[in-house]
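Asks: Given the coordinates of chain A, assemble chain B onto it according to the supplied hints.
For the record, the sequence lines run as chains A and B. Sequential numbering from 446 applies to the first sequence in my numbering. Sequential numbering from 4 applies to the second sequence in my numbering.
In case anyone wonders, no lab produced these hints; they're calculated from the structure. Remember, it's a predicted structure, so these values are computed and weren't measured experimentally. Treat the hints loosely; a few may be bogus.
[What the hints assert, rightly or not] A few chain A residues facing chain B, derived, Cβ under 7 angstroms:
#1 TRP478
#2 VAL507
#3 ILE509
#4 VAL532
#5 SER545
#6 GLY556
We put the beta carbon where it would ideally sit given N, CA and C, even for glycine.
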Amino acid sequence: MTYTQLAILGVLLAVLNDMYLLRTKLLTRRIFWVSYSIIIFFQLLSNGVLTGLRIVRYNGDVIIGSSTPIDGPPPMFGDGRVFFAPVEDLFFGFALVLLSLTLWVWLGRRGVQRTPTAGPPRFRNGNVKK
Amino acid sequence: MKQFAYLGVLAVCLLGTGLLEIFLRARVYRRWLRLILTLIPVVLIFTLWDVYAISRNHWTFDSSYVTGIIAIANVPLEEVCFFIAIPICSILTLEAVRSMRSWPVGDEVVAESGDEQ
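Pulled out of the complex, with its shape left as it was, chain A reads as follows (with noise of 0.2 angstroms):
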C-alpha cells in the first residue's frame, strides 16, 4: 500500500474507533476541534522541520507528490507538501492525535486516574471550576 492509502486507512480506522469501537465520540465535541486546530499548528511547525530540513525524506511514488529532492528543501507548498511536509502527513498525525486522544479519555471513562482533573490555571488561583 501506499502511504497514501494507508494515511486515509488510519484515519478510517480512527474515527471508528472514536465513534463505534471506544464511543469516545470525541469527533462530536467541541473541545476536541479547538484542541485539534492548537495542535495542527504546532504540529506543521514541528513537522515543517522535519520534512523541511530533509532528516526525513520521502518516497514520490508512494505519495502524491514527489520524492523530497537530493539537492534541497522540499516546496514549502504545491506538489502535494503542505509547509514542507506531504499532505499524507496531515491524515497520518490526525489519526495518532485523534487515538491518542481517545485512549486518554475512554481510560478516564473507565476510572483510570479519572481525577485529579485539570484546571484551574495558576493566574487564575481557584475561582473556576475544580
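Replies: Leaving out everything else, chain B in the frame of chain A:
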C-alpha cells in the same frame, strides 16, 4: 550536535507543552499511569506502521540528523520517541483547553448529559 536534530525537535515540543502542566495545571504527567496506558497501544500501532513504511521505502532518514540508534527493525529511536512525545503534547493540549474552558470531554464523573458541546 547535528545528530541530535530530530531529538531536539521533540525536546522542544515536550518543553513547550510541559509549561501547560505547570501553568495551566493540565495534570497529565501527574496521571502517569493513565498516560502510560494510553501510550502503549499508540506506540505499538504506529511503530508497526513505521516498520512497514520503512521496509517499503516510504520514507528514509538523513543519517547526519539522527543518532543512528535503531529501536527495532530499522526504525530509528527518534521515531519511537516521536510516537511518545506527540501523544503527550496532544493530551496536554486537550487538558490545557479543558483547564481554561471546562468544556465536557466525556470522562467527567457526572454522567454525560448527552449535549453536544
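Asks: Check each numbered hint against the structure and report the violated ones by number, ascending.
Replies: 1, 3, 4 and 6
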